[in-house]
Structures are given as structure tokens and as C-alpha cells.
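*Asks:* If you read the sequences in order, they're chains L and H. Numbering of the first sequence is given in our numbering, commencing with residue 1 and proceeding in unit increments. Numbering of the second sequence is given in our numbering, commencing with residue 1 and proceeding in unit increments.
FYI, nobody ran anything at the bench for these hints, they're computed from the structure. Keep in mind that a hint or two might mislead.
[Stated by the list, open to error] Straight-line Cα separation of at most 20 Å, SDA-like style, residue types lysine to any residue; simulated pairs:
| hint | chain 1 | residue 1 | chain 2 | residue 2 |
| --- | --- | --- | --- | --- |
| 1 | H | K33 | L | T287 |
| 2 | H | K23 | H | S2 |
| 3 | H | K33 | L | T281 |
| 4 | H | K33 | L | P219 |
| 5 | H | K33 | L | R337 |
| 6 | H | K33 | L | T295 |
| 7 | H | K33 | L | T282 |
| 8 | H | K33 | L | S283 |
| 9 | H | K33 | L | M277 |
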Amino acid sequence: MTVKSTARARKKAAPGVPDNLHAGKDAPAELIQLLTPEGERVENPDYPLVIEADELRSLYRDLVLVRRFDAEATALQRQGELGLWASLLGQEAAQVGSGRAMRENDYAFPTYREHGVAWCRGVDPLNLLGMFRGVNHGGWDPNEKNFHLYTIVIGSQTLHATGYAMGITKDSAEDAVIAYFGDGASSQGDVNEAFTFASVYNAPVVFFCQNNQWAISEPTTNQTKIPLYRRASGFGFPGVRVDGNDVLACLAVTRWALDRARNGGGPVLIEAFTYRMGAHTTSDDPTRYRAAEETESWRAKDPISRLKAHLEREGLADEDFFAAIDAESETLGLRVREGVRSMPDPDPTLIFDHVYAEPHALVTEERAEYVAYAESFEGGE
Amino acid sequence: MSKLTMSKAINEGLRHCLETDPKTLIMGEDVGKLGGVFRVTDGLQKDFGEDRVIDTPLAESGIVGTAIGLALRGYRPIVEIQFDGFVYPAFDQIVTQLAKMHARALGHVKMPITIRIPYAGGIGAVEHHSESHEAYFAHTAGLRVVTPSNPDDAYWMLRQSVESDDPVIFLEPKARYWDKAEISAAPALDLHTAKVVRSGTDLTLLAYGPMVKVCLEVAAAAEEDGRHLEVVDLRSLSPVDFDTLEASVKRTGRAVVVHEAPVFMGMGAELAARLTERCFYHLEAPVLRVGGYHAPYPPSRVEEQYLPDLDRVLDAVDRALAY
Ligand SMILES: Cc1ncc(C[n+]2csc(CCOP(=O)(O)OP(=O)(O)O)c2C)c(N)n1
Ligand SMILES: [Mg+2]
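Sequences and hints are given; from them, build the entire structure.
*Replies:* Okay, here's the thing in C-alpha cells:
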């Protein structure tokens, strides 16, 4: 049997795709931006944003606190207090901008990295750390803040978000859903099925893809030959690429998409073009697969410094304000550190808790067996 | 060969396959530059190129589905699933397509695909990174299922799996990746033969993958109390080498099966049933099972209590000997 060279096929360029539209290219023309890396405000007629100084300052506060929380979690992992941590460093604006665009009754379906969205939803950051410490698999009531549990299996939650949104339509409610996922996850069947369902049922769901350029060691170019936001058109709904390091653009575009969805406009795909400044998780070593210069070049687009520059250049915040935020972030760091250190190890019988909603004979039996076995050691030896 | 860790032994096995058979390919997530999250494919893309060691898009169904197509075209794909809990998106392709293709085509097409999966727990990981799902695969006709317990077996069984013309689910006990041992110059056994790894007269411990080490520790501890336990490493879960198991259990009259997977409907159930059929008049006690509970794999801070350990296995040994 003859076997055609796969090498030859691979090297052929994708026909009809201009090179500058390939994913991974820097800041292409279609990127929605409302705040330049230098902190200069730019207007976009499609996404008008009227924003007061107070709100700008509170966005800044969220960005700083979320980064501080994240840094503390990374430190806690290094000290052995957490088993693992997935840092959001560099993605604060994408998460705070989109998270702040939500209304109270809207619902978010996160991956494992949406600590900034959790913050905006009012989830206690300590609750996020239980699963990374290994004391639970989630640890918060999703319905309390309309923030679903973290989903580690990539892409799965996009279908849950879509189904939830289908329920909103059935209820004739005016809520909307936002589904987070990564550039890597965009390849999963589940994500593509979610696009299909959302489109066919005109579900009020916003697909928010943080293209942080990497899926562990794989660049976005391993997942797609066209910019990810363009995938939406094939499914029959709009796609928008937003500067993911621009909190204002993320806020405005997500607000637009959520409002459109809640008013019966159906789904939107937002690709937040950003960068994972840290390792994939604390278990990862990015020096094996990416150049330090690349990371450096993104540092110049830092989401926090650009908002700070804006506040300063417009005279919207003074030294005292920045100092107060810094002090608040130290307090948060301390609270997180102490909270994690004093998190008790769970009782092993938690293994048998909540496996079913109703009693199950086998679980009941095994729990009793376990308890008797554990008790056989007590007082002995 | 010198002493190798299990992960390096598998790496060497893969290297051998790539060197000797130009139709072999490695496909998976992060298997290229990164060398896999456990570094099992470390250096292979550098040496064999991106066309043979392929960083695929992040889609397990896609990986296995396209591996099937490549096999139809004459290739011999070696697929890596990054962690146990991430094989399920590919479950449909594995169970409904891969496993049945040869039979449906009346033997006209072969599916020489090896699917490597790091499995089982004990490494303090988050959800979906510690599961033992061997029963699903062993339950599926058309798949061969094997799991090494040590570096030497890992090296040779990997090579034998890749050489097989059937699909093989190759389960790698991730907690043993860092164990070191000598690799022998030739394989001692064929892929589906079990091995008596410690001889004894009083009871047979049946284990595989990560639990073989635990059972050897149990046997050593029991020896101090004057009990001579035999330990059999199954190595292959489909097919199971029942002849070796039967001979051992007929000698000792007692058996305890140990695995991490939940006991209910697990490998132990099948082993207990078959051994009861084959050794009924030799058995002094029912075949007992030690394993996981009918519950999701727990958060890592309590995985020690979930996983069978020395005490839990000894407890079962005591119970079996008390009959
Ligand atoms: C189905 C599945 N396969 C593999 C993994 C292992 N894994 C965890 S995160 C990840 C990369 C995800 O990349 P991306 O979607 O871009 O999200 P990011 O981590 O960059 O936020 C992989 C492969 C997984 N969690 N789920
Ligand atoms: Mg990514």
C-alpha cells in the first residue's frame, strides 16, 4: 500500500486565508479596543461606553485585588498549602470586564481559571481554594451567586451554559448566560455542539473565549487556521474579537452581547485576545515551549498599568487612592493566607457525602463499613 | 539497559517503536515540545519530527477518531490521553468504533492503535486526574487492556502493545512513574501473561498496576507474622491469564483481589467469580476484594483513606485467613 506523505500535506498553506488573519498574530485590525496600552481612551461607535470616574476606579480596584489574590494563591502553592494553582495573571481585564458586565440574575459558567469572574460575582475567594487545596471538588453553592462550579474537563461547561440559557428562554425571562472557555477548548466537540445548540435554539448565551495564546504548551495556531471569533459565523451568530487586556472594551462588548442575548438576539462569541503571563498551572514549566521575549512583549500591554495610566492622565485618581487600593490588597492577601492555612482537613467520611440525592443502599453500607474499620484503629496501638 | 524510571522506560519503548517502524506515530496533547505533562514523550518530537510526534488540537474524540482513520490508511498510531479523566470525550470512538471495527469488517481491516493513559491516584491531584477506569475498557470486547506495575514491564509491554494488531488500552500507573528499575535485555513474558512476583503458601494477593507494590509490602509485613503470601501481578486485564491465577489460588486456597477502582462491578468481581468457578473445591474462604468505594474519587486530602493501603489489605488478609 502506498502511503502519501503527511509532511507534504501539512506544509501546504491553508488556501484563501490571508496571513495576517491567522490566529496568534498580534493585535490585528479587527480588534475592539477602547483603551490603548498607553491608557488613552478611544471611541468605537459600535460599542459606545459612557463611564463615570467612580466606575473606572472600582474596575481598577477589582483588577488589583484579583491579581493580588492570584499572587497569594501561587505563593500558597509554593509553600505547600495548595496542591495546584491555575493563575489568571495577564487575564484580569478579560475576566473583570466581562464579569462586571453581568447583571445579578445572569449566570456564569467558568473553567478553572475564572478567579476574576468569581470575584465580580461576589464569590468569597477562599471558596475557590478548597479544590486546589484538595479539601473539596468545588465548595460553593453555584446558585448563591449564579457562578457555576469550576469545570476542569475542558469545554464541557459550554453545553451546560447553553442548556441553562435554553431554560431562560422557556421561562420567558430576561436573563443571560456567559460561558467561559479557552482557545484550546475551542477544539472540543462539546464547544462546537454548544455553538450549534445555542444557534438553533437562539439561546441567550455569550460564549466568552479567552484566547491567551496557549493551551499548556500548544499555541493557538495548533487549534485553528482562522481567528477564533470567526468560527461564529459558520454557526450563524456574530463573533467579535476584543482586546482582552482592555477592561473597558471587555466590559462594553460583553454588556452589548449580554443585552443582545437577553433581548432575544441569540448567542454571540467573544474572543478576548489576551495572554497567559504565567505558567499553565504551578505544575507547568513554560520555558520548555515558549520564548521569554514573547511574554515580555505582552508585559507592555498589561491590563492594570493601562487603566492606571488612564486614571492618572485624566486626573481621576490620586496617590491616596492608589495607596488605599494597595493597602486593601495586602489585607486581602493576609486574609486569604490565613484562611487557607486554617482550612481543616475534611473528615474522611466526606467520601460518602452527597454521592446521591436520595439514600443509596451500597453507599450506606460502605460508609458503615468504613466507619467501623476506622474505629478499629482508635485507642489501639 | 541501565536503571530507568517507568516514565523513561516508556519513553525508550516509544523511541524504539518510532525507530523501527516508520508507520508508528505519536498523537496527543502537549506530547511535542513539552514532552507530555509527565515527560513520557520527552525529546521524541525533536528527534523524529512534528510529522511523527504530533501535538493535536485539544479534542480527545478527534484524536482517537483520526487515529482510526490513520490506522485504516496503514499507520500504527500511539495515542496519549493526558489523564484518565479526559478519555471520556473519546469514549464513543473507542467503544463504538475502535473496538468493533475489526469484527465489523470481518477481519479485513486492523486497528493497531495503542492508547496510553496515565491512570489511578495517589499523587495529590485535583479532580479527574486520579481515576481508575479499567473496568469500562475491560468490559468492552475488541479492546485489549494491559497495565504494567514496574519499569521493566512498562518498557516491554509498551513495545508488545504497539506490535499488536489489535487496539490496546495501555494504562500507566502514574504514581509509579518515578519508580526505578533495571530493564531486561529481552521480554520475559508475552503481553497477556500474569506473573507470580512473590511466592507464598497461605493466600494469594491478586493485583495490577499501582497496587502491586502495595501488595508486595503487605506480603513482607505478613511474613513477619509468619504468614506466607503469594503476590500475582495480573499485567493484563483483558484477556486475564486465568491459568496462572488458578494455579496460584489452588496452591494457597485463598485469594484477595486489590485494586484502586471501586469494588462494585470492578475487575475484582470478575476475578472472584471466575476463580470461584475454577477453584471451588480448593477454596478455604470466599475471594475477598479491597478497592475504592462507590463514590467519586475524593479530594486529595482524603485520598489516602480512599486508596487501599497496607492496613486495609492486611485487614482483608486477616478476614480471609479467619475462615
Ligand atoms: C477534556 C480534557 N482534555 C485535557 C485536559 C487537560 N488540560 C487541562 S487545561 C488544558 C489546556 C486548556 O487550554 P485552554 O482551553 O486554552 O485554556 P487555558 O488553560 O489556556 O486557560 C488541558 C489540555 C482537560 N482538562 N480536559
Ligand atoms: Mg489558552
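*Asks:* Look at each hint and say if it fits the structure.
*Replies:* Hint check results:
1. Simply put, K33/H and T287/L have alpha-carbon atoms about 10 Å apart, close enough for the 20 Å limit, and the pair holds.
2. For a cut-off of 20 Å, the pair hint linking K23/H to S2/H is broken: about 28 Å separates their Cα positions.
3. Between the alpha carbons of K33/H and T281/L the distance comes to roughly 17 Å, so the proposed pair stays at or under 20 Å and holds.
4. Restraint check for K33/H and P219/L: satisfied, since their Cα atoms lie roughly 11 Å apart, inside the 20 Å limit.
5. With a C-alpha separation of about 35 Å, the suggested pair K33/H and R337/L falls outside the 20 Å cut-off, and the hint is violated.
6. Among the hinted pairs, K33/H with T295/L is consistent with the structure: their alpha-carbon atoms are about 18 Å apart, no more than 20 Å.
7. Proximity of K33/H to T282/L is assessed by CA-CA distance (about 18 Å); at most 20 Å being required, the pair is judged to hold.
8. Simply put, K33/H and S283/L have alpha-carbon atoms about 16 Å apart, close enough for the 20 Å limit, and the pair holds.
9. Pair hint K33/H plus M277/L holds up; C-alpha atoms about 19 Å apart against a cutoff of 20 Å.
Hints 2 and 5 from the earlier list are contradicted by this structure; the remaining hints agree with it.
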